[in-house]
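Residue strings, one per chain:
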Amino acid sequence: MSGPSLDDVTDTPDELDDETAGKLVEEAEEVQDMTGEVCPYPQVEAKKAVQRLDTGELLVQETDHVPSTENVPRAVGDDADAKVWRSGDGLYRIYLEKR
Amino acid sequence: MTAGEVEPEEVDPSTADVIDIRDADDFAEGHIPEAENVPLDDLEDVVDDREWGDEVVVACYVGQTSKQAARLIDAYADDAAVASMAGGYERWDGELRRPEGRRSSPADDD
Numbered sequence: 163m164s165g166p167s168l169d170d171v172t173d174t175p176d177e178l179d180d181e182t183a184g185k186l187v188e189e190a191e192e193v194q195d196m197t198g199e200v201c202p203y204p205q206v207e208a209k210k211a212v213q214r215l216d217t218g219e220l221l222v223q224e225t226d227h228v229p230s231t232e233n234v235p236r237a238v239g240d241d242a243d244a245k246v247w248r249s250g251d252g253l254y255r256i257y258l259e260k261r
Numbered sequence: 082m083t084a085g086e087v088e089p090e091e092v093d094p095s096t097a098d099v100i101d102i103r104d105a106d107d108f109a110e111g112h113i114p115e116a117e118n119v120p121l122d123d124l125e126d127v128v129d130d131r132e133w134g135d136e137v138v139v140a141c142y143v144g145q146t147s148k149q150a151a152r153l154i155d156a157y158a159d160d161a162a163v164a165s166m167a168g169g170y171e172r173w174d175g176e177l178r179r180p181e182g183r184r185s186s187p188a189d190d191d
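Sequence lines, in order, name chains F and L. Position one of the first sequence corresponds to residue 163 (our numbering), numbered consecutively onward. Position one of the second sequence corresponds to residue 82 (our numbering), numbered consecutively onward.
It is worth saying that the hints were derived from the structure and are not from the lab. Treat the numbers as computed from the prediction; the structure is a model and nothing was measured. Treat the hints with caution; some may be incorrect.
[As the list claims (entries may be wrong)] Simulated restraints, written as ranges between beta carbons of each label pair:
#1 Asp240/F <-> Asp135/L: 33 to 41 Å
#2 Glu192/F <-> Pro94/L: 36 to 44 Å
#3 Thr83/L <-> Asp169/F: 13 to 21 Å
#4 Arg261/F <-> Gly85/L: 28 to 36 Å
#5 Asp135/L <-> Glu199/F: 33 to 41 Å
#6 Gly85/L <-> Gln213/F: 30 to 38 Å
#7 Asp251/F <-> Glu110/L: 27 to 35 Å
#8 Thr197/F <-> Ala109/L: 19 to 27 Å
Using N, Cα and C, we set each Cβ at its ideal position, and we do this for glycine too.
Only chain F is shown next, with the shape it has when bound in the complex:
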């Protein structure tokens, strides 16, 4: 494949740097391991978890499914602010801070 990859055509939220991402994951209220899972399961679990959070609390979802970095933030909509961290190795973390 010489042209764009799936990563290139996916609209991800703002990205976190490694240091901030590492610090935040320790502060998270809940960390969901969604590696190996595909749509719609990650969206459904993210929505349920965000509903359990109080304002300002953080949900982190780990995924290796690139489309989730766009689909999960969209699924939670206005309920949370989203940021993404890329490991550079095919693993992503989606940070959802409850509004």
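On the provided structure of chain F, position chain L as indicated by the hints.
Chain L in isolation, oriented as in the chain F frame:
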């Protein structure tokens, strides 16, 4: 890269290439007649080399991941009209087809 969206009732499998990006197990449970199963994980490997028809519709579970897949195909299929099926199989109300050989077995008869 601007792939559109099409309502399920507007999908005509006789004119469009329907690409089902769900995994093989879900495809086997039932799919749009004439649909071709290209699981998302395999799509990147084939998107550059294969021939795309004039009209391509991408279907997934709820119509979210298919948007990214449609954008990806659109980047390679120069002249094709590429669209994602809105709402995915959750909203598909038409006929479902299963792969051949999944009929109930006549061997049950004595």
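Legend entry - Violated hints - listed by number, lowest first: Violated: none.
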